[in-house]
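*Asks:* Sequence:
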Amino acid sequence: MSQRNIHTQSVAGQAVQELFCRALHHVTATHKDLLQKGGTAVAGLSAQGRPGDPVTPAIVPSSVYFLPGDPAGPYQYARWTNPTWSALEEALSILEDAEAVIFPSGMAAEAAILCSLPKPGDRILLPSDAYYTTRVLADTYLVPAGIRVLTCPSANYDSQDFAGLRMVWIESPSNPGLDICDIRKAVAQARQAGAIVVVDNTTPTPLGQRPLDLGADVVVSSDTKTINGHSDVVFGHVASRQAALLAGVRDWRKLCGAIPGPFESWLVHRGLETLEVRFERMCSNAEALAPRLAEHRKVQQVKFPGLPSHPAHAVAKSQMLRFAMILGVTFSD
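Plus 6 on top of the position in the sequence shown (first one is 1) and you've got my numbering.
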């Protein structure tokens, strides 16, 4: 091959690479707006990529870093910050349209909220049909600390008195009963009472429901499930648009040492890259299966927010972008 041909191919290759990077930047700059409409989730991409940069974030296992100069560098000690965390937190922040803090499990994320925000003497409301371990955590550690924990079914939040509450915890759809709470209405009630609203958004993910856009203060998620999507890591995150609330959560992580490993963080970041494709297929499968199961002679009931027969279908339709992927099926005797 002639020297001229080699040079021509090299220039062409650089042009293609630069075109790709410009396109990548454009996609990343615009996908936040698309996400708010439930359209796409390219949260694994980064507009900061330059020609020659690795597309896949690096796994950085270092526990210590060189002493920072003046001004201080972003990384000093691995219990405080980590480059692999930062890449994932940035991606999740784009997905949530809010600052995100990651944790080594969904329960670690929940514990950070429940242990850093309510104080002794406060009253909080939990769904009685929420994730069981959430209630166990509250009963085991919050009640002895002088925090009063009240419970109410998710479907009955409309009639619950929020007066005097410090925190209102919502899980909608609830796990495993798939009951729906009207998030907008609960937020309005909580505002009148001066309470913080936390929404466990594990089941619908930010692609299926956007609680912060509905007025919630904090979102928590177990990323072990759909967000990672490969059944090979336990993980969680908290997101909020209120810096003061999130600062308390971040400090709790730093002081208690509830930090995720760099490899686990990398795995979740990998999972984010296929979240949109996986979530779309999961939701489509559920929407196709639900009505067919409901018609089966051996099925007594199918509970799915996407079915008109669901008691709160209208509410779910008004606040969810997709009805998620979980079905509750009661079989006939």
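Rather than coming from a laboratory, the hints here were simulated on the basis of the structure.
No experiment lies behind these values; they were computed from the predicted model shown.
Yeah, the Cβ is synthetic: ideal placement off N, Cα and C, and Gly gets one too.
There's no promise every hint is true.
Calculated pairs, BS3-like style, for lysine-lysine (alpha carbon to alpha carbon, straight line, at most 27 Å) [said to hold, decoys possible]:
#1 LYS260 / LYS125
#2 LYS260 / LYS304
#3 LYS231 / LYS125
#4 LYS309 / LYS191
#5 LYS125 / LYS191
#6 LYS309 / LYS323
#7 LYS323 / LYS191
#8 LYS323 / LYS260
Cβ pair distances, simulated, as ranges [what the hints assert, rightly or not]:
#9 THR157 / PRO57: 52 to 62 Å
#10 GLU301 / SER92: 26 to 36 Å
#11 PHE337 / ARG56: 54 to 64 Å
#12 TYR147 / PRO57: 30 to 40 Å
#13 VAL335 / ALA250: 37 to 47 Å
#14 PHE337 / ALA64: 43 to 53 Å
#15 ALA199 / TYR138: 19 to 29 Å
#16 ARG287 / THR139: 23 to 33 Å
#17 GLN198 / PRO67: 47 to 57 Å
#18 GLN198 / ARG56: 24 to 34 Å
#19 SER237 / GLN198: 52 to 62 Å
#20 ARG56 / ALA253: 50 to 60 Å
*Asks:* Taking 27 Å as the top limit, are the C-alpha atoms of LYS323 and LYS260 close enough?
*Replies:* Violated, at roughly 39 Å.
*Asks:* With respect to the beta-carbon atoms only, verify the hint that ARG287 and THR139 lie 23 to 33 Å apart.
*Replies:* The hint (23 to 33 Å, Cβ to Cβ) holds, given that ARG287 and THR139 are roughly 28 Å apart.
*Asks:* Has the given pair, LYS260 with LYS304, been kept, meaning a C-alpha gap of at most 27 Å?
*Replies:* violated (52 Å)
*Asks:* Just to be careful, I want the Cα atoms of LYS323 and LYS191 compared with a cutoff of 27 Å; is the pair within it?
*Replies:* holds (14 Å)
*Asks:* Between the beta carbons of THR157 and PRO57, is the distance compatible with 52 to 62 Å?
*Replies:* holds (55 Å)
*Asks:* Between LYS260 and LYS125, is the straight-line Cα distance small enough, at 27 Å or below?
*Replies:* holds (19 Å)
*Asks:* Is it true that PHE337 and ARG56 lie within 54 to 64 Å of each other by Cβ?
*Replies:* holds (56 Å)
*Asks:* Tell me if the straight-line CA distance from LYS309 to LYS323 falls inside 27 Å.
*Replies:* Given that 27 Å is the threshold and the Cα spacing comes to 15 Å, the pair holds.
*Asks:* Using the Cβ atoms, figure out if VAL335 sits within 37 to 47 Å of ALA250.
*Replies:* This hint holds: roughly 43 Å between Cβ atoms.
*Asks:* Do GLN198 and ARG56 keep their Cβ atoms within the hinted range of 24 to 34 Å?
*Replies:* Violated, since GLN198 and ARG56 (Cβ atoms, about 49 Å apart) do not stay within the stated range.
*Asks:* Within 52 to 62 Å or not, the Cβ separation of SER237 and GLN198?
*Replies:* Because 42 Å falls outside the window, the suggested range is violated.
*Asks:* For the pair supplied as a hint, LYS231 and LYS125, confirm whether the alpha-carbon distance does not exceed 27 Å.
*Replies:* violated (30 Å)
Hints 2, 3, 8, 10, 12, 18, 19 and 20 from the earlier list are contradicted by this structure; the remaining hints agree with it.
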